[in-house]
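Participant: Given next are the chains, with one letter for each unit.
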Amino acid sequence: MEKTTAVVGTWHGPLGIAMNRLALALGLLVILSGGLFAGWRLFGPQPKWVPGTMPVSPEIEEKFGVRFTFLAVTADGGMVELRYRVIDEGKAANFGHYSETAPLVISEDDGKIIDVTIMGLHNHRVEPARTYYVLYRNTEGAIKSGRPATIAVGDLSLKHVVSW
Amino acid sequence: MRSSRLSRIVLLLSLLLLVVPRSNGIVTAGHEDMPPHGIVCTENPTATFTLTTQEGTISLPDGNRVYMWGFSEGGDPFQHPGPTLCVTEGDTVTIVLNNTLSHDVSIIFPGQEGVLADGVPSEPVFDVGGNLTSFAPVAAANGGAVTYSFVAAKPGTYLYESGTEPGIQVNMGLFGALVVRPAAHPNWAYNEIVASGAVTYTTEFAPDEEFVLIFSEIDPVLHMAVEQGLPYDMNNFTPRYWNINGRSFPDTIAPNGAEWLPEQPYGSLIHINPYDVDTHPYPALIRILSVGSESFPHHPHGNHSRIIARDGSVLIDTDQSDLSYERFTVNLGPGQTVDEMFAWTDVENWHPIDNPIPVVIPQLQNLTFGTFYSGSPYLGQTDLLPVGHQALNSCGEYYHIAHNHALQQITAWGVVLSGHITFTRIDPPLPNNCQ
Amino acid sequence: MSKEYLTREISRRQLLKLGVGLVGVTAVSAVVPKALLKPYKVVEASPDVQPARQTAGAGTYRHYAATDGWVYLPGQNLPYHPDNLAPDGLTTYIFGFRNVTSIEDDHDKVFQQKMKAQLTSPMFWLDEWRDTASQGETDFTLRLTNLGLQMRPDLIDAHTLHFHGFRNAIPIFDGEPHSSVGVPISRDLTYFYRARDPGTYMFHCHFEETEHVHMGMVGGVFVRPKQNYLGFGGDPTSAARLGGNTAPGAPMGYAYNDGDGSTAYDREFAFVVSEVWTLAHWCDSHVQLPEWSDYNPDIYMMNGRAYPDTIAPNGGAIDSATGDLIPPAGRPELQYQPISSLVTCNSGDRVLLRFINLGYVEQSFRLTGIKMRVVGHDATLLRGRGPAGNDQNYFTDTVHVGAGQSVDAIFVAPEVDTMTRLLLFSRNFSHLSNPGIAGHGGPMTEVHIYPTSQPLGPQNEPNEWGL
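Residue numbers (this note's numbering), protein chains in the order written: chain L, 1 to 164; chain A, 1 to 435; chain C, 1 to 467.
Just so you know, not all the hints are guaranteed correct.
Examples of chain C residues lying across from chain A (beta carbon under 7 Å, computed) [claimed, not checked]:
#1 S293
#2 T322
#3 D324
Below 25 Å or equal to it, Euclidean Cα-Cα: the simulated SDA-like pairs (lysine to any residue) are [to be verified]:
#4 C:K114 with L:Y98
#5 L:K63 with L:I87
#6 L:K144 with A:P36
#7 L:K144 with A:G63
#8 L:K91 with C:R152
FYI, nobody ran anything at the bench for these hints, they're computed from the structure. Just so you know, even glycine gets a beta-carbon here, dropped at the ideal spot from N, CA and C.
Between the sequences and the hints, there should be enough to build the whole structure, so can you do that?
Facilitator: Here is the structure:
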């Protein structure tokens, strides 16, 4: 059973720090007035998936030293590109080189998995703050732009990534 | 200051509710009317264009963004490279240059004759001391304008690029492609017909397989200096990024108008169908241009290219005999353009049952992850594979890399397998189930 | 054309992804299918059968091994050259190929060639496809075994063999690992080639290509035209010696199916041109990586040697007891650089020069004293299309060959009374020295023309001297 990845705990942006108290008040107001809409959003038939959505996973960053930054369908639908930024070059050195460190992408619509890489993950020496990529064959068009996918690596996963 | 978990959740919920309603259909960066691959023409019936200089940034696959200058059509926001201007042989082309930059800018049109600037011949500009200040009359900094015009007399593939401080300004992004189509044959690259005995050859190409690839390079130190208004010594010019159509691999194979590349609208995936005498008899036309400072030896895997023209001049002798030639590597000089025809066919007609490839391909599960993939070796065919692995691409298509063979230039400042790389995608023979 | 740009898009996207992520945690996880992370497709894997050695005649099969090794290059550029980790007498860490065909039945012997790569790689050649029923086997297979990198056990790099320029290639045999397959350590893969287009090609590893090509995994490959066997103009007596014609005066071969004998030659020499950036090679042996955009080679080579070593004898024979390369006579330090670039010929010989550039910079090769006739570029006869294809060959004294290109040029050796020397060299004079030492160096070789009174022996392989 894969771990569930918490996504709320990593919001450290300047906006979050500066606006906490104002946002608390404003947010409560918005929640009250928007409650009906929220109910529709959360329990309605289909969430609105926004292309380019990329949650973050502290667990993956802690274990593998990388942060996924980008998922897109490319090559006229024939390939999928996944990018990650190196947070900790020591932990990221073997990222992708063994089955237990290799990311794969799973369609949340039907569970189709893509894991056959076309390019990427060759370089053992990675540098911090640099972004690297992996290209996959988009087998049977499994990953679709604007649809949710899960990135799984080892026993961790990052859900609700929405591909460009 | 750390916020409490509750307040963060409330904050995030509120942001969600504020934002999501606005997201409906708005997170598209335009360009949705572009074809996913191939040439994206900017054209109009009067062959009149307004090119406005803009500043902006582009993204590179290593995560960096670089400050750029660019030409945009009319009031469009910054884009890189400039729009591909498509006109027809014989058109009088009018280009109004509006300059918003803090530097003088001009445009030169290599390969065009009789270019006028504000109605008089476009000539080099000298200051009162006799020093060359620009290759052509300028649109002055901060709002100046100049109008260039010329008759597009000869079909072909041409550059347009800055003629002022060109070492700086072209590297900053002030360039684009100009395509002149034959008046009588829009699906031919040129009018000429090669004769070889009783056999003739035209430059007709498959209309949905026309591509433009502009090869460029970027020295980020130059761009930083320009952005900060600092001097830059061209003797220190050291490119670190190498782009095709303003993108570095793997962005090169993203579609035209990719939403995540709003400033870099042009892809360079060469998406073709295999040659077939009945269903697909014409080759792709690939128009290759270089704005680099040295030769870029471009090597498409999979097949030779037939070079049919250089610098807008078709390769034919005065007696109609053939001067075109085939190459597996096209060594493109600085400022050159080359038109090449490319086709591919499965000459052996490999088939998993009727004509299998005569060697055994080892399978994935015995091998180190990721480095010994063997899907189906057959075009348009699936295959048995180990548990959890899947062989079929979206439609069983083939991919061949196409790249600069100066291999230090297929990198991006420390990231390998980037830079001057794109792919040729070959779909199964028509009709197929590719989407 | 509508172009709607959202210049503040990035910040909104940041908010959106947080928003959607929260929705995911609170509610939408129920949407995720149960099948997540379970195999989508369960099928039986095909058994991994090792390809059998081809039983066809000689010249249709090779077995290459990919590994690392050390070579000797002249000069000094401290601290990178000579490399302080190099074995005695050697200077430079490389990756490369070896031909292990003759020892392949002894698995241990093959794997003892780990750390014994050669620079440049052994060339190979194959015949253009002919009707095999009547004219013998022409399909060619090349088995590639990855022995691993002795100096860099940390690297699990695969290797491949890319037949650069092969027409209408299919990805599985193209050797570009990303769209087909790479060969992991201790594994092998057999490539299949049915060559339909004669000419001068090249091969190289395409895995981590910027590094692996620069480290030396480069070589030449030719496809010999069927005109060698069939002759031209319907006249079988015009067949070449390579096609079995033993008649006196028959040429050794033809470069292309020219149809008129215009690419006939009597001797052939191939030059794989490449470079060494000693810093990059030092980095590889010291577990470092260079910044490739600083590319600044300091040794330029022909067939993996810098002048004057270019004119040292050929090596390349295999010691059947050990499987090791036997060094060229008197030059133990060139054990792993077996290919000589010295051109030897008799007056009147038509000499084919195959220029192959697998460096990263373009080169111009000048032959002093006589003209060369360029007959082919990039494995293509210089002739227009069709039944009346016009001749496009040309004479020059300087052959320009870009990175990743090949050029075929033929010269006719002039009449001489005594052995006469000409120089053949890169016209980029800044390449013609070896680092840190005086004198001439780099990509230069000599052409030795012998009078007809001193006939040379026939070549069994390209670049043989016949002395």
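Participant: For every hint, state whether the structure bears it out.
Facilitator: The hints, checked one at a time:
1. S293: Because about 5 Å separates C:S293 from the closest Cβ in chain A, which is inside the 7 Å limit, the hint holds.
2. T322: violated, 29 Å
3. D324: Result: violated, 28 Å to nearest chain A Cβ.
4. C:K114 with L:Y98: holds, 24 Å
5. L:K63 with L:I87: holds, 11 Å
6. L:K144 with A:P36: holds, 15 Å
7. L:K144 with A:G63: holds, 23 Å
8. L:K91 with C:R152: Satisfied, since the Cα-Cα distance of roughly 20 Å is no more than 25 Å.
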